[in-house]
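**Q** Given next are the chains, with one letter for each unit.
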Amino acid sequence: MKEVINLPVKNVEEEEYHINMGPQHPSTHGVLRLVVSLQGEIVKSLKPHCGYIHRGIEKMCEKDTYPQIIHLTDRMDYLSAHINNHAVCLLVEKALEVEVPERVKYIRTIIDELNRIASHQLWWCSFGMDMGGLTCYFYGLRDREKILDIFEESFGSRLLHSSYTPGGLMMDIHPDFQKNVKAFIKYFRKKIRDYDDLLTGNMIMQMRTKGVGLLSKEDAISYGVTGPSGRASGFSCDVRKHHPYGVYDKVDFREILGTKGDTFERYMMRMNEMHESMRIIEQLIDNIPAGDYSAKMKAVLKLPAGEYYQRVEASRGELGVYCISDGNKTPYRMKFRSPNFSNLSALDHISRGVKIADLVAIGGSLDYVIPDIDR
Amino acid sequence: MNFSIYDFTSFNQWIDKFLNDNLPAFWAVAVEMVIIGVAILLFYALVGLFLVYAERKVCAFMQNRVGPNRVGPYGFFQTIADFIKLMLKELIYIKNADQLLFNLAPFIVIIASFMAIAAIPFAKGLHAIDFDIGVLYVIAVSSLGVVGILLAGWSSNNKYSLIGAMRSGAQIVSYELSVGLSLITIIILAGTMQFSEIVEGQRDGWFIFKGHIPAFIAFIIFLISSTAETNRGPFDLAEAESELTAGFHTEYSGIKFAFFFLAEYMNMFIVASIAATVFLGGWMPFHVGSWAGFNHVMDFIPPFVWYIGKTFFVIWVMMWFKWTFPRLRIDQLLTLEWKYLLPINLVNILIMAFIVLMGWHF
Amino acid sequence: MTPNQLMFAIFSAVIIVFSILTVTSRRILRAATFLLFVLVATGGMYFLLRFNFLAAIQLTLYAGGIVVLIIFSILLTSHIAEKLEKPDLKKIIPAFLVAAGGALITIATILQHKFPVEIASGSERTNIRVIAKSLISTEKFGYALPFEVISILLLAAMVGAIILAKKRKD
Amino acid sequence: MNSIFEYFADIFHTVKSLLTGMKVTGRYFFSPWEIVTQQYPENRKTLKMYDRFKGEVIMPHNDHNEHRCTGCGICETACPNGTIEIIQAKIDMPDGKKKRIIDRHIYHLGMCTFCGLCIKACPSDALAWGQEFEHAVFDRSKLNKTLNQPGSSIIKDIVE
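If you read the protein sequences in the order shown, they are chains A, B, C and D. FYI, the numbering for the first sequence is 2 to 376, going by our numbering. FYI, the numbering for the second sequence is 1087 to 1448, going by our numbering. FYI, the numbering for the third sequence is 9 to 178, going by our numbering. FYI, the numbering for the fourth sequence is 1264 to 1423, going by our numbering.
Keep in mind that a hint or two might mislead.
[What the hints assert, rightly or not] Taking lysine-lysine pairs in the DSS-like style, the calculated list, with each CA pair at most 30 Å apart, reads:
1) Lys251/A x Lys192/A
2) Lys1245/B x Lys261/A
3) Lys106/A x Lys1308/D
4) Lys1383/D x Lys95/A
Calculated from the structure, these hints are not laboratory results.
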């Protein structure tokens, strides 16, 4: 007998189905596409699809001279633009064996740390937004403006500065720089309490993040997860400590390490890093030595033929610049080891079995910047 | 005719008499219904527009911003501009959607909220229907709105919408319990479900003060669960912006989206008015024991102003919630309801019943 | 025609039209939605009769509860493109005959009853206080015992449902 | 007993943490003087950019409509994006030699990334940063600017 009523037997609870988060989705912070396969609301697996804003920066570097490359690296991880610039500058200086003035080192370190704070502030904004607390966004941006004002006063632009050049700085810091930085730190130490009151201490947020998205130390190492995300798992990977550059060897700061590697630890890493960065700045800001703001460099920089590698601690992890020079004024090959790309690769591993809401929170805690992934 | 802003009863009777004198009975009733309908519709639209503006201003001030300030003085006409824009916007035709249900869903949502507003007393005598089951009626009608959300989510043929609808279903069905139970706590104290009698019972003190701690707990539970029932943050899982883009109304555009939008704000207004009426004395002025002078000054403020003031205070608290807290996860949402709100509520009812039995309330 | 008669006509028309649509619609969620209209219109009918309590309960339980539950389960199980198969004539005819027979019996029974022309003033009967008192009264015509029995039954059903749901997991 | 205590401790901590959060937003709600928004078109008159603000590349001219650009083209090569285009003209010098001078210094603002390499590279300090930031136009071709003003000439003391 033929069944008359063919009641559908498909059950969404049991059936696995896919949703495309992105390329246009509020929680992917850019044009990243995550193909998430779900069972009900549980994430079974996900596949990141990158490359929506691939601009060929590595290839473009091959036709640019070394000072010109600087302004391209700004546009990878635009939130830690200065730190990216620093990597290329250090690479060129290392290859040319130029000793940069002490003043430059101090200024670069201070600016890097300011940049790190600004980047973490923006991360805090967007993490709060991912969790659904929209007010966080405005508090974070409000305080970030102060840093951007400091940058603008000295270097003329707010986000992409290109103010480092191989051998030094494009221009000296503004006479008010020290005063403003000190004022900012005083201001931010007060305002960061808002952050803790609003989000860190909030029970809803803690319940949503504690024990979610666990990344073990072994996995962090094998996926190459660096920066605050890696350190949350206990992977001691701070380039500033292990391979100091700038004046990091002269300042006293803590490498903050977590143990559990869940979303909350990754959150706390960045919150603590902001405090730590402020400590570093406080130690340096009064001791900037007088001197030239740039070493004497040749008009045309030609790196001796060979291979060079330089790493720095960007705000999201270890940024490596690998360069093969054939002795010309342009590099033969330039390769960036961007932190976000490696951090993103762990997303599938740590978000299996969590809910969609947790996936968004984990994504926020990994803090990926899509232009850095796609380059 | 004796018109007074303190008592609309005689005004209403005058209209009724006027119509019945001049028209046959059937048409008198019909005209009365039309007048009430138009009045409520106007009020509905105005309050909806104002609430959208108020929400933007409130959240702006909480976020160190100015908020809308371009259209009209202090951006007061911003929502009207938005409304015109939404009216003129193209209604996107969703190819594989179930057109009938897709178009029906916003109406179900808005009709449900429209029906609920009929039973709310705005001031003395300003009351469309005074049911003897007023509170139960409002609970019953407001439970219809979820059907619209479920239909919208399913018929859009969009996975985000479907997830949003499923979340919303689980959420509203479970939080209705808490809303009902927390109202029952006060019904025990008031001894009636009729709104006019509930308000009248608060002449000598609002129920939130009369009922000691249980009434206060019931008020808090009502605030939390009604925030959840109206799908507002931090319980806005059905439209969780950062997870599901816009949840159940992802595919809606133009005026159909405006219906959802308006209904959300009106639902907020309705639950706030219920909270104001049941817990905070409705249009009753605030009186303190034997301070005759103070009480007299309070009496001078018209009842409608009292009602609107209390309602907007509750709405402001709900906005405060939304712009402070991060969103809950679906399992936490259900844990909150079934593990915390419901047991506390049940115990609370028992305590309240005990207090009423012993006559310990004021 | 009085307003009440007009409303009665509207409600009856809604009930009849949407009942037919409910059984003839081949999209299952549409059928559920039409059922919602039928139940809401029935609730309206109760309001018309001034059975306010019953009307509110009708809205809460049937429209707000059962239909939501039905829609919710349809949401979980069916896809938007699915349509029920068209039933063949062999099955329509007996179904129609059974339905018509049932309707005939009901109508015949109703017509036997003589309806009083006046609406009973009935404030006593529909008063919410009376309903509440008789619900918890232990005297004659009191419903305390059935009320408790039903609550035990519901509790048992709930426990059973939880056990069933738990079993399926492992 | 312990679990009951925990249950209520949980509620207490949650409520406390939520109230702490509400205190923050509530405080800002009642302190409108902390608003940080700049009301842009209204504050145009008082809005002052920092001295070093990189708005656009300009070529300063003095009162006699003279600039310092020799048209050497170093900025053109220094630019990573091809933003600058130098069009040279040849003029006859009094001593009979032909000399190349600048005809048009074309600056494509739409392509500029404001890296400042052209300004740094210029040997005669002819280029500088302008403070203008309202660059929005309806037509993209308006972004192609000629930096040297019509009829301008080079300041005499600039030696190539």
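**Q** Against each hint, give a clear statement of whether it holds in the structure.
**A** Quick rundown of the hints versus the structure:
no.: 1; hint: Lys251/A x Lys192/A; verdict: holds (28 Å)
no.: 2; hint: Lys1245/B x Lys261/A; verdict: violated (34 Å)
no.: 3; hint: Lys106/A x Lys1308/D; verdict: violated (39 Å)
no.: 4; hint: Lys1383/D x Lys95/A; verdict: holds (23 Å)
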